[in-house]
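Chains A, B, C and D, in that order, are what the protein sequence lines are. Heads up: the first sequence at position 66 corresponds to 66 in my numbering, and the numbers run straight through without jumps. Here my numbering runs 1000 ahead of the position in the second sequence, where the first position is 1. Here my numbering runs 2000 ahead of the position in the third sequence, where the first position is 1. Here my numbering runs 3000 ahead of the position in the fourth sequence, where the first position is 1.
None of these hints come from the bench; they were simulated from the model.
Simulated DEER-style distance windows between Cβ atoms:
no. : chain 1 : residue 1 : chain 2 : residue 2 : range
1   : B       : GLU1166   : A       : GLU101    : 38 to 44 Å
2   : C       : GLY2092   : B       : TYR1069   : 46 to 52 Å
3   : A       : GLY88     : B       : GLU1199   : 17 to 23 Å
4   : C       : ASP2055   : A       : ARG84     : 37 to 43 Å
5   : B       : ARG1073   : A       : GLU34     : 38 to 44 Å
6   : A       : GLU95     : C       : ASP2055   : 54 to 60 Å
7   : C       : PRO2089   : A       : TRP140    : 55 to 61 Å
On a predicted model such as this, the values are computed, not experimentally measured, just so you know. No residue lacks a Cβ here, since even glycine has one placed at the ideal position from N, Cα and C.
4 protein chains.
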Amino acid sequence: MPKAQRTTNDRAAAPPRRGQGNGTRLERSAARREAILAAALDEFSVQGFAATRLDDVARRAGVAKGTIYLHFRDKEALFQELVRSVLGPFVGTLEHVLASEVPARVIFGQMVEMFVREVYGTRRKDVIRLIVTEGTRFPWLAEFYYREVLSRILGAVRALLQRAIERGEISPSVARFPQLLGAPAIVAILWNSLFERFEPLDVAAFMHAQLDLLFGAEKDS
Amino acid sequence: MPKAQRTTNDRAAAPPRRGQGNGTRLERSAARREAILAAALDEFSVQGFAATRLDDVARRAGVAKGTIYLHFRDKEALFQELVRSVLGPFVGTLEHVLASEVPARVIFGQMVEMFVREVYGTRRKDVIRLIVTEGTRFPWLAEFYYREVLSRILGAVRALLQRAIERGEISPSVARFPQLLGAPAIVAILWNSLFERFEPLDVAAFMHAQLDLLFGAEKDS
Amino acid sequence: MPKAQRTTNDRAAAPPRRGQGNGTRLERSAARREAILAAALDEFSVQGFAATRLDDVARRAGVAKGTIYLHFRDKEALFQELVRSVLGPFVGTLEHVLASEVPARVIFGQMVEMFVREVYGTRRKDVIRLIVTEGTRFPWLAEFYYREVLSRILGAVRALLQRAIERGEISPSVARFPQLLGAPAIVAILWNSLFERFEPLDVAAFMHAQLDLLFGAEKDS
Amino acid sequence: MPKAQRTTNDRAAAPPRRGQGNGTRLERSAARREAILAAALDEFSVQGFAATRLDDVARRAGVAKGTIYLHFRDKEALFQELVRSVLGPFVGTLEHVLASEVPARVIFGQMVEMFVREVYGTRRKDVIRLIVTEGTRFPWLAEFYYREVLSRILGAVRALLQRAIERGEISPSVARFPQLLGAPAIVAILWNSLFERFEPLDVAAFMHAQLDLLFGAEKDS
DNA sequence: GATGAATGAGGGTTCATTCAT
DNA sequence: TATGAATGAACCCTCATTCAT
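Starting from the given sequences, assemble the full structure and let the hints guide the process.
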């Protein structure tokens, strides 16, 4: 989406339908909160944090500007909640997959598939991008991502690689840099966000190519 | 409070010393321009384009706010000149290195060394980061980088890989994604800008590990 | 010091009295808009468009600076709306008066009275002055005034003079320049705005003197 | 000249021809001063005082910005000198003409011709306009014009009208408003500056029509 | 004298945040 | 609870004025 100018009047999902029976007061409040988070992600992704106007977030969410402040202390808290709400629930499932006992090659194959489906194909991709683009301005952001996501994944990957080395599935030297496994994922997200219009990158194939380097080329795709 | 950390009163190198014999008028004008560019890079790198105040750039460069406008049309032009001035002179040297006729493995080893010395060890690293962080908001930025830098590098790398495959130095499958060679470089820059305080990444070793994957482990590093 | 006289802290009519029951929200919004227009007219009339600070307009209107932008796109739009809001409603009444069937002399006498009461005695006088002083810098302003006001008045006056000539009330030669009837009105406004402190000009008498020239001296005033 | 956008690189009369023998140092200084005054009049006339940039004046005059300050204390002093330099020498000649002993009708006929030639056909017209447009913002301007020009002209005109009345050339009632004689002149200048593109006004004919009203229609055009 | 780079106060405009309804 | 009009601090950019050359 290289669009830089502002979209004006496209709101999120359903029209407000105020005063109708679509849920209890609590449910409606929660739905509003979600709508705001979704709208904020849209805007932050395109404009960046600093250049995003809460006015636009509110319009896109179909709420009034003041409503945002009923759910979030300020713009930065909204950003923080956004990152947590998108990434938080995901962390648990990651460790689960990595703890499996099947061969490393198979697990990493599953990881690629999972990344493409659950990250690259979803809004999580945008949050990952936001961490890269806003991380230096918001130390809590880099820290949150490192502590809650990266360190856990890397820990699990290190354990997995250790087992793979012990089984002779992989060369010992690469275990020093588990980041080598994640690098193509990050690069794929960034590449397509910046250069897709010039030269699109096939994310899954790209990641598999890196797996081929690590484990030797095999049957898959 | 969207103001993240904000450095206040550190100016560039030498104090102004108005009216002294530090160069001709033209020389001092050029020096000021450079000081502004350097200060802008500092600020843009930390705050991002949108959150950077030209006031801070001016203070850091040791000039008055209005002086910026003697050298650059507006904030975005300053940004544009910044990217061009840092990357422009570099583009030529890149192709020179990649055109060498020694074995691919050797060339890529030189590339790693060159990247560490000429990019990671310099302000160019910060400009690369800016392209990643601001590229979606400034289409000209992504386009400039793709046309002037990426496409040229990738073209040369592809040619190099082709020769390497023909000589049997490398497996044919990887030639499809020359980006695999650059991925560790980008990831290393981003990793250390975000997570160095938690877990620093040895850039050279990281890149060499990827080379080992491509060519098989060897003597170097 | 290009700041001529500058009135500082006199605001409009009533103090803000926020949160009190002075009208519905819509009424208060409209009242604010009017206050801003009135304040803008005051400032523009004295300082001219370019030298007027919106800060001063806001203070005089008793609102914050940002409030102006809730009602007007920018400074020039405020100016435009100001001219339209003051002159617009007046255009219709003009033609009505000129269409009367009584003798020309009587109609022009009524016109004088109407001008003194409805233009010279009101803010419309200031808008007329603004058209003279800012008309060259804002082509839309001169055009608006010519199309919406002048050409209509002149058309009606020409018709009226034609009838007067046919009835022998007036010499044919003057019909060529209906502007001769309006000239004293314009000159009176300008004279008193510039030289009243030295030598005030009796607007009604001045205009009647011109009528006397056209129709011959008679009973009135 | 309804042109609102700025003309960029058209300088006044002769190219600088620095270092050539076009006069003594004093002569060249005086020439520069004149060039600046001429350029200032051009710019002030089109943009108005407040919106005129001394940068543009300097460029149009073919001098550097700083040079203006060698001749004039500040922007307002430049404006003041401009008005004085254009109108000052003219005042004397006016009184001379009005003191003539020929019939009033003849004198006024000469005045019309003189106005068209010496005012409307010259830069003096622009200064008159500036007095109208900037007079409220600069009290000294209105005062200067009233004291040095208007009061003198009106005095002479009053005396002339008095004589004309005594000779029966004119009705006594009009002597009360000598401004009636000048009104068409002012209105003609303003009309053509604002509305010439829609409906040009023949200045000489317009003024003669007013004379015809005062003295009765006669031979002259 | 003449220059024009440099200055920095000032003004138009934006937008996060508040609060009366 | 939700609204959105109102606020005012902040920021980009301009331009009158200065001053070292």
